[in-house]
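> Sequence:
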Amino acid sequence: MDDNSGLSAAELLELNRDLQGSRAIRLLATHNLALYATLMERHLADGVVNETELVVRLERDLESLDHPDGQSGLALIKSWASQGWLHRIVDERSGQNICYLTQDARRALDFLRGMRRNDTIATGGSLHGIAARLKQVAIKVGGDPARIRKSIEEQIAALQDELTALDAGYRPEPDVTDCYDEARAIALQMERIVTDIGQYGTMIEQATAALDEPIEDNADYRERQRQLYDDFQAAWESAGRDSHRAFLRMVNDPDQRAEFEADVAAVASALPDLDPALRKVMTNFFELVGQQIDEVERIQQRCAQRIKRFTAFGTLEQSRGIARQLNDAIAAARALLRTSLTDSRLDIEVPLARHTITSVGALSFKIGDLSAPKPAKPATGEVDLTSFAALTTQVDAPAMAERLNEAIAAGPVSLPDAVDLIGRGGTGVYLGHVIVLWSWATRQPGADPHAESIPVRFRSLDGRDLAIEVPRLMFTEPISLAGAAA
38 MDDNSGLSAA
48 ELLELNRDLQ
58 GSRAIRLLAT
68 HNLALYATLM
78 ERHLADGVVN
88 ETELVVRLER
98 DLESLDHPDG
108 QSGLALIKSW
118 ASQGWLHRIV
128 DERSGQNICY
138 LTQDARRALD
148 FLRGMRRNDT
158 IATGGSLHGI
168 AARLKQVAIK
178 VGGDPARIRK
188 SIEEQIAALQ
198 DELTALDAGY
208 RPEPDVTDCY
218 DEARAIALQM
228 ERIVTDIGQY
238 GTMIEQATAA
248 LDEPIEDNAD
258 YRERQRQLYD
268 DFQAAWESAG
278 RDSHRAFLRM
288 VNDPDQRAEF
298 EADVAAVASA
308 LPDLDPALRK
318 VMTNFFELVG
328 QQIDEVERIQ
338 QRCAQRIKRF
348 TAFGTLEQSR
358 GIARQLNDAI
368 AAARALLRTS
378 LTDSRLDIEV
388 PLARHTITSV
398 GALSFKIGDL
408 SAPKPAKPAT
418 GEVDLTSFAA
428 LTTQVDAPAM
438 AERLNEAIAA
448 GPVSLPDAVD
458 LIGRGGTGVY
468 LGHVIVLWSW
478 ATRQPGADPH
488 AESIPVRFRS
498 LDGRDLAIEV
508 PRLMFTEPIS
518 LAGAAA
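Using my numbering, you'd call the opening residue of the sequence shown number 38 and step up by one each time.
Keep in mind that the hints were calculated from the coordinates and are not lab data.
None of the hints are false.
In silico EDC-like cross-links for lysine to aspartate or glutamate, where the CA-CA straight-line distance does not exceed 16 Å: (1) LYS115 x GLU96; (2) LYS115 x ASP454; (3) LYS177 x GLU190; (4) LYS345 x GLU250; (5) LYS317 x ASP300; (6) LYS115 x GLU90; (7) LYS317 x GLU78; (8) LYS317 x ASP147; (9) LYS172 x GLU190; (10) LYS317 x GLU298; (11) LYS115 x ASP457; (12) LYS172 x GLU191; (13) LYS317 x ASP83; (14) LYS115 x GLU88.
Using the sequences and the hints, build the whole thing.
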């Protein structure tokens, strides 16, 4: 066993392997780290950015750098989103795509900035501050009444001396070095807080991440449900949730916020040589923390949708389990009946009840032809999308039509692009969405039924990713919201 950590070599190796697979480490290990970190820090470090504006900014920088990796700005955005370094979602208020860094990407950038600035808190002033704060903690946890009283009396005497000197018109000059050290340490802590304030959101995101995976049987469903409750309990009791609530209260309290901003302005004006990056973190602290709180709310919405799907699937799975148990009981009853009717001359299957009473019917059936079935042949002819009209009741057709109409206002949209647009809404694309969009596209003016087919991806109800080929039809006219809701 390792005396320092209390873990065996195998346990410590497993923990380090988990870290090696994290998104933050993958970003630090990528070959294009210098380029990615430069672009992310220049355009995404301040929070949420409109995707169109971000593409323009990235293209401008890539042009000035002669496109070192050969990718366009939009290709970089898609790549970062697929790697888990960038959130790329549709803003419900504006209907446009917005982009912002994930917590893992922010951690990686914090690490790089710290190395670039040679961040350190080991200064002369910090050592005295550590000693003073450590003494206060030791007095509180020690519980010695005499020492507590002595500490309080010393603080009162020191404060009284300061008041006496202030009344006499004496104001001692502050130690500028100590002030810079303390302000730098505070700014470094604020920079880390901006990243860590979203830790509560990360915990609940991880608690529900496994809910999208396929469920094999009832036992798997019960185990995943139990793990979900345990993970949520851990997140509820975590320091991340307490920090999230504390900062939420502070951000929404106008008096605390005004006092805090006044103190930041005073420090920034009195210490002009403070690192510009740290000064920016201090002055924009509330805005950056507010963006992290907004991200936690978005994560909570996604988790609620996952839990809703998981619960619905579990209800279906439990119904299937009951059906399997009934089938087993019916098979056992049939075996007993056949044994008891061995002397019967009637070669019939005995049902448990009449067909008008139960949908189970006969207990078994016989196969007349034991030869292997013929292989299936591909279907021919045109796809009749009218038979799928009922799928419009299984998707949010008005919301889809509204989002699609906003995109059509900027120009024609192809059917594959429309599927990708709906998929970026956060809930994923299922077969019902694809079929409904396809049926709308066939009713567009000049729709060509023989257009080139392009594969699009969608998610099945069991959580797997599938693909289907759809013609490259074009949306040129807006979708009627009344027709979409019908």
